[in-house]
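Undergrad: Put the two chains together into one complex; each comes in its own frame, and the hints tell you how they fit.
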Amino acid sequence: MKSIDVFLQGHGLADIAVLAAKPDDTLAEIVSKANLLGPKEARLLFLEDIDGPIDDHAVVEELLPLPTDGEPIGPLRLHVARCRHVEVAVRFNGEAAKRRFTPSATVERVRRWAVRRAFHLPPRDAAEHVLQIQGTSIRPDRDVHIGTLTQGQACAIAFDLVPCQRVEG
Amino acid sequence: MSAPVSPDEAVFRAHLAGGRFRSGAAAGRWRLVAVAWPHAVFGVRAADGAEYGLRFECSDYPRTPPTAGLWDLELNAPLAVNKWPAGRDRIPLAFNPGWKNGACLYLPCDRISIEGHANWYQQHPSLVWDPAIGIAHYLRVVHDLVNSSDYGGRRAA
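As they're listed, the protein sequences go chains A and B. Under the numbering used here, the first residue of the first sequence carries the number 1, and numbering increases by one thereafter. Under the numbering used here, the first residue of the second sequence carries the number 170, and numbering increases by one thereafter.
So here's chain B without its partners, still in its complex pose (with noise of 0.2 Å):
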């Protein structure tokens, strides 16, 4: 007999069988990796073909954000910041080593670096974790960045 779901779980699998992850999904703009919970890896493509992995940490889900780091898909281990995206603006800011030695995205959308942030509710808005919409609203701003004109493929290559 398979364990029962906890309750934050059960709403992510909601999420994940819902239309807003499941149509970015068909269209190619990210994949569900490997679920063991709290943690998710998705795989998120950027406009150069490239896929960053993401690992999340996602415990009280969706009620408090999740947290995601970049994740190395083959070697299932942080990824080496040679191969984190490379640009000049926006980039840069939000996939930032220096930031928490790189545990999580500057983003408002992340548990971690929302904390002591409280401007970024008024400034970025849109950019805020949204328990409605759940985990596509965070792959959808990673996925916009690496989509954006900003993007310069890999640091390394």
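Chain A extracted, bound-state conformation (with noise of 0.2 Å):
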């Protein structure tokens, strides 16, 4: 039987962790192999981008795209988390946006979100233009799950929406 590559992702984890799945593990037993903190209670579980948690008995393989013959194609992309919204505030040429995500949303979502409904950058603007969270430099990669990046006990993460800069000099 073929192992499915689950990617994780939750507060806490430094990285997002690679775990094997078989087809027909259920949830539960996939997020016991990883080592997560906090109590197991708490924990809620969310595919990738998709707004409200899932069971934790749901079976891999029935999470994933249906395969045209043989076995199904990973990944499974997931999240845990304790908050079941983040809320989101972005800044931008001293305008502000709020909105809330799931925890599993990607940072490439919210950023389309940012770029296209919030602030109406045209096309080419709208690709020149990432999120940095408030107060750093951080510029958390495309697939990270804004989960990832909140602080403490707090359900929230304000970007800045900045422009790629050229390097020269």
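Because the hints were derived from the structure by calculation, they are not lab data. The structure presented is a predicted model; accordingly, all values stated were derived computationally and were not measured. Positions of the beta carbon are idealized from the N, C-alpha and C atoms, including for glycine. Hints may be right or wrong, so weigh each one.
Which chain A residues face chain B? A few, computed with CB under 8 Å, are given here [what the hints assert, rightly or not]:
#, residue
1, Glu29
2, Leu121
3, Arg124
4, Glu128
TA: Right under this line is the structure:
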């Protein structure tokens, strides 16, 4: 039976955890392999970019696209959180926008909302702006889940939308 | 019996097995082509589907940043300049055949290019080499460039 890669992100995990799953493993079995802190009862599981937690009895192969034949193809991208939502604030050009996202929303998902829906940048400009965590120089990669970026007990994160700069001099 | 792996190669291979690298690889952003320590070759996917090879020199990884140049994956040789990425603003600065004879990319995450550019630590902290993230950071910087709106395909295309 082919092994399926599961990429797990969550608050307190330093990196994206890579776990190996069998197609008929439950999410509870998979997540138990990760070194997670905090009480198990408080954990919520999310599929990447999908709003609302899923039951940890769900089976890995049933969360993946139906294969045309043979085994399901991964990876399965999961998020473990204690927050049901993350309140996202973005500043740009003296304006501010806020919206709630699932903690499993990727930085790219939030960036696209910010440039297209919140600040209405033309496509060329939109592609030249990225999210930077307020008060830092950290620009998280596009596949990072925003739930990993919250601090302490807060279910919130604040970004600045900043232009990509030329490297010269 | 296989030769023992040096400490720098061991860290490099651990980073290849880590989530940041494998998540990007699974998304088709980049792939490992070959490792012949201290060199490693990767392919990075651009917005138009073109794949750009990068050949890294990774001695003393990750304490010392690697340096990388564009690489022809078919010929296993430096990439001809007419096949380099084209653009109008950030791309021609980063992929500049006149910089060090085209041996490395003009980026803050590159070992050779950061030399003499102390200002980059202040101006571009997010692009400076991060040993905790490792090779995925350099690959991400290149992937972001060839998937930006400044990217205009290959020079001769």
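Undergrad: Next step is simple, just say for each hint if it's right about the structure.
TA: Verification of the supplied hints:
1. Glu29: violated (19 Å)
2. Leu121: Nearest chain B Cβ about 11 Å off; hint violated.
3. Arg124: This interface hint holds because 5 Å falls under the 8 Å limit.
4. Glu128: Where the cut-off is 8 Å and the nearest Cβ of chain B is about 6 Å from glutamate 128 of chain A, the hint holds.
Hint violations for this structure: numbers 1, 2, all remaining hints satisfied.
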